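Q: In our numbering, the protein residues as written are 15 to 357.
The set of hints was computed from the structure by calculation and includes no laboratory data. A hint or two may mislead.
Within a straight-line C-alpha distance of at most 30 Å, the following computed DSSO-like cross-link-like pairs (lysine-lysine) qualify [stated by the list, open to error]:
#	residue 1	residue 2
1	K153	K128
2	K212	K181
3	K92	K128
4	K181	K153
These numbers come from a predicted model, not from an experiment.
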Amino acid sequence: MTPEAAGVSSELEENLGRLFRSEPYCFEFFQAVRLLQRLSPERELVGRFADPSKEVLRFHARVASEFPASEIQELALKTGAPHSMVVNFMGLVGPLGVLPLYYTELVMQRVRAKDTALRDFLDIFNHRIISLFYQAWEKYHFSVTYERERRDPVSHYLLDLVGLGTKGLQRRQAVEDETFIYYSGLFGLRTRPAQGLKQVIEDYFDVPVAVEQFVGGWWTLDRPSQCRLEGGTSYAEQLGIGAVVGDEVWDPQSSVRVVLGPLPLRQYLDFLPNGTAYAPLRDLLWFYGNGRVDFEVRLVLRREDVPECELGSVAEAAPQLGWCTWVKSAPFGRDPGDTILRM
Numbered sequence: 015m016t017p018e019a020a021g022v023s024s025e026l027e028e029n030l031g032r033l034f035r036s037e038p039y040c041f042e043f044f045q046a047v048r049l050l051q052r053l054s055p056e057r058e059l060v061g062r063f064a065d066p067s068k069e070v071l072r073f074h075a076r077v078a079s080e081f082p083a084s085e086i087q088e089l090a091l092k093t094g095a096p097h098s099m100v101v102n103f104m105g106l107v108g109p110l111g112v113l114p115l116y117y118t119e120l121v122m123q124r125v126r127a128k129d130t131a132l133r134d135f136l137d138i139f140n141h142r143i144i145s146l147f148y149q150a151w152e153k154y155h156f157s158v159t160y161e162r163e164r165r166d167p168v169s170h171y172l173l174d175l176v177g178l179g180t181k182g183l184q185r186r187q188a189v190e191d192e193t194f195i196y197y198s199g200l201f202g203l204r205t206r207p208a209q210g211l212k213q214v215i216e217d218y219f220d221v222p223v224a225v226e227q228f229v230g231g232w233w234t235l236d237r238p239s240q241c242r243l244e245g246g247t248s249y250a251e252q253l254g255i256g257a258v259v260g261d262e263v264w265d266p267q268s269s270v271r272v273v274l275g276p277l278p279l280r281q282y283l284d285f286l287p288n289g290t291a292y293a294p295l296r297d298l299l300w301f302y303g304n305g306r307v308d309f310e311v312r313l314v315l316r317r318e319d320v321p322e323c324e325l326g327s328v329a330e331a332a333p334q335l336g337w338c339t340w341v342k343s344a345p346f347g348r349d350p351g352d353t354i355l356r357m
């Protein structure tokens, strides 16, 4: 994987490389490691169980007696090998080391004598300790894992809450699964409020939204449920029990109406069945209603954006009967909301 595939542009990579070489002390330790791992996605992550020679970084603890001024002392960027980072805040020896001061003095003496064997030996343990320290930080900063892998354990837990924990159910909607993760607090409720639906649609599409509950509608009765004078004994032919005059019944709470608008013409067209926003809206409504609520969407167009009806037009707002066709001879005095879409 290249840095570009990991979401890092070549210009940003060049600028970061320049800063790392000239002013490594300006970076916090965690942010520096995080950036270096994104700049070298082809190498192994630190703190795992890979060969250390294939990891992004090789950590060293600074051997000195003075108080450190920054978290990072040195950073050497290498090609085809792990980058080398000397840290000031952790190690077996040094001003913040866990071993007695005698060992720090001993290592410093050996280094001055051009003998780095003891320092290099201790750095074997320093590298692992510092790597695990970074992994402990990353474990509780979920965004770091997410930005690298597009998935992390917390994302899976939140998908479980909304009913998308099984991989076969993921990536099937017209909206990204991350949308359901973001609104998992609402989608995870057993009883989902109308105000929550308004919030989701309004926030996702950035449009004015109103939700009308208990919108009545006619339901067509199937043939066995219709009253027919045929001498039968079914419930549909018994007065006071199931007899209904006609083949339809009125349900005062048939559906929920979502009113979008007033909208500019471009957004209005996007919400039509042949528009780009129709499928995401349909899937959000279906998912929020858990497949048990019928929705109808009423589109309201801004009065100043009502197009003139020009037969034969091939423009963006070409006449489409029932959707965006109005007989307009003068400016509209109201925002037309005649388009009703059943979801």
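Q: Please go over all the hints and tell whether each is borne out by the structure.
A: Structure-based check of each hint:
1. K153 x K128: Given pair K153, K128 is violated - Cα atoms ~39 Å apart, limit 30 Å.
2. K212 x K181: 28 Å, holds
3. K92 x K128: Answer holds: K92 to K128 is near 23 Å, not above 30 Å.
4. K181 x K153: This hinted pair holds, its Cα atoms lying about 23 Å apart.
Against the hints set out earlier in the document, a violation occurs for number 1 only.
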